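Asks: Residues per chain, in single letters:
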Amino acid sequence: MAERVRDGRRGAAEGVPEGRRGAVDCVPGGRRGAGERARDGLRAYWLIAGMWIRSTMTYRTSFALTMAGNLVVTGLDFATILLMFSQVDSLGGWSLPEVCFLYGLSATAFGVADLVLGSMDVLGARIRDGSFDTLLVRPAPVLAQIGADRFALRRLGRITQGSVVLGWSLVSVDVAWTPAKVLLVPVMLAAGAAIFCALFVAGAAFQFVAQDAAEVQNAFTYGGTTLLQYPPTVFGKDFVRGVTFMLPLAFVNWVPAAYVLGRPYPLRLPGWTAWSAPLVAVVCCALAGLAWRAGLRAYRSTGS
Amino acid sequence: MGAGRLYTAVAAGGFRRYATYRAATAAGVFTNTAFGIILVYTYLALWDEKPHLGGYDQAQAVTYVWLGQCLYATLAIQGGGAEKDLMERIRTGAIAIDLYRPADLQLWWLATDLGRSLFQLLGRGVIPFLVGAVFFPMALPADAGTWAAFLVALFLAMLVSFGIRYLVALSVFWLMDGTGVNQAMMITGVFFSGMTLPLNVFPGGFGEVVRVLPWAAQLQMPADVLLGETGVAGALAFQAAWAVALLTAGRLLQTAATRRVVVQGG
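Residue numbers (the numbering used here), protein chains in the order written: chain A, 1 to 304; chain B, 1001 to 1266.
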């Protein structure tokens, strides 16, 4: 084990300076294109995440156990749905395979966002203990650094669990599949993951303002994925309006899934909205990016 | 200082410690309220489909949801109460200091946790419950007797909750790291307490088993007392029996741990 630990450390030590090296030469250049900045960010993200993966893999048994635990924890939501359907045949007029379709899309899309940016809630703690300042002086995009901070591979558990349910629902749901419907499934997953990523970034930006209040974002992230696991017909009309127009969670699965399943659109939205999810995702990400910038600019160190 | 005063002071300290983080508390209130709203809608759909499921009508099901959100942090249903600090002290070896204090280890931590529970109930639990009562039809008792019985049931639920978490925390004396047991505690706590669905909705033999496990004493029993769905004496006896059993087991395990285990340290 000692050998492995040392290996892990060496791996980590190799990772960080390389990331710095890569990023250092972006400084003298001054203003550079957004494309290049994005590439630097992705590179830094990948290096830091890689470091965390190597350190996780040092304790393989522990990793296997936490991953299994993660599968079960994230599966509790699904157990609830199964328990409900042990008592009834439909919920809000939707059958079990249809609800599973919603569940699979919501859980998988959220799982991807959670894997990529789920550790961002440590931002509040980092601001409080002052270690956030360290990230600011490193020549790599802060968003990439904080996003990859404590990258947790065990979060593959939720993705695995969600995609198994999704897979089952795809074969058991009563749908006449057309090429358009088949294509919409991966589009939904990608757009949904991006919308949830935007939520995580916006939540992190909010923590600059309210450091201790990190839990508020759970209402939108975890709360969001939970409510999307149920049919829109379950919720009150004003509630559905809120999560369509104010916080556009409905585009993660409700609206596009209505097209796939041939069900009435929530709020009687027009048919083309089923394909608007990628656009909504881009707008969400842009707004979240602006919020993040504003938060970062407003940041004042703890000073102690 | 008398023993009573000592443990009261410890409990007051636990209360004040959690009362310090106002923003975090407000955030918790917001989150519990949001989850309450989501759950209420799903429950209403379920009870719409099958009225009188588990013996509840819709208003009772709604009350159950908001009581769950009210007691989620109060009873530390997914962990994160005083046992978190206790585990950390065992892991780092700081527990040695606690052991030579002229106070009983179990009572000390019980007092801390009761202080925390009380704050979480008042600071974090009451508001979501009131929000629920304002915006959704609830089935709340009108007579003071039921409310009094509910408060007793709630206190017993706090004891049971601590009893479970204390046993889990003590396991760290042997395991050295609490990550795994914490995760197990979270899963069992959320599922078997009835946080996802009331335990009287669980089907068949599985439901029978789940309803006699100690976790049933946490949320289901206080809820059933409040909703008038169970005999008060039987419910309180069930909770008290589990409280005694768990606290006794905790005491035995504590004795074993302090006798046989070498404290961590360096």
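Simulated from the structure, these hints should not be mistaken for lab results. In this text the structure is predicted, and so the values were computed from the model without any measurement. Each residue gets a CB set at the ideal place from its N, CA and C atoms; glycine is no exception. It cannot be assumed that every hint is accurate.
[What the hints assert, rightly or not] Listed below are the simulated SDA-like cross-link pairs for lysine to any residue, each with C-alpha atoms no more than 25 Å apart in a straight line: (1) K1084/B / L76/A; (2) K237/A / P264/A; (3) K1050/B / P97/A.
[To be verified] Simulated DEER-style distance windows between Cβ atoms: (4) G1013/B / V164/A: 44 to 50 Å; (5) A68/A / P1137/B: 57 to 63 Å; (6) V1261/B / R300/A: 55 to 61 Å; (7) D129/A / M1176/B: 23 to 29 Å; (8) D1048/B / L156/A: 44 to 50 Å; (9) V164/A / G1004/B: 52 to 58 Å; (10) Y299/A / G1207/B: 37 to 43 Å; (11) S301/A / A1240/B: 29 to 35 Å; (12) Y299/A / R1101/B: 52 to 58 Å; (13) G1013/B / V282/A: 21 to 27 Å; (14) S301/A / L1099/B: 58 to 64 Å; (15) A1059/B / R268/A: 38 to 44 Å; (16) R1251/B / Y299/A: 36 to 42 Å; (17) D129/A / I1097/B: 23 to 29 Å.
Asks: All hints are to be evaluated individually against the structure, with a verdict given for each.
Replies: Status of the hints after comparison with the structure:
| no. | hint | result |
| --- | --- | --- |
| 1 | K1084/B / L76/A | holds (23 Å) |
| 2 | K237/A / P264/A | holds (14 Å) |
| 3 | K1050/B / P97/A | holds (19 Å) |
| 4 | G1013/B / V164/A: 44 to 50 Å | holds (47 Å) |
| 5 | A68/A / P1137/B: 57 to 63 Å | violated (42 Å) |
| 6 | V1261/B / R300/A: 55 to 61 Å | violated (47 Å) |
| 7 | D129/A / M1176/B: 23 to 29 Å | holds (25 Å) |
| 8 | D1048/B / L156/A: 44 to 50 Å | violated (37 Å) |
| 9 | V164/A / G1004/B: 52 to 58 Å | holds (55 Å) |
| 10 | Y299/A / G1207/B: 37 to 43 Å | violated (52 Å) |
| 11 | S301/A / A1240/B: 29 to 35 Å | violated (53 Å) |
| 12 | Y299/A / R1101/B: 52 to 58 Å | violated (42 Å) |
| 13 | G1013/B / V282/A: 21 to 27 Å | violated (51 Å) |
| 14 | S301/A / L1099/B: 58 to 64 Å | violated (40 Å) |
| 15 | A1059/B / R268/A: 38 to 44 Å | violated (31 Å) |
| 16 | R1251/B / Y299/A: 36 to 42 Å | violated (49 Å) |
| 17 | D129/A / I1097/B: 23 to 29 Å | holds (24 Å) |
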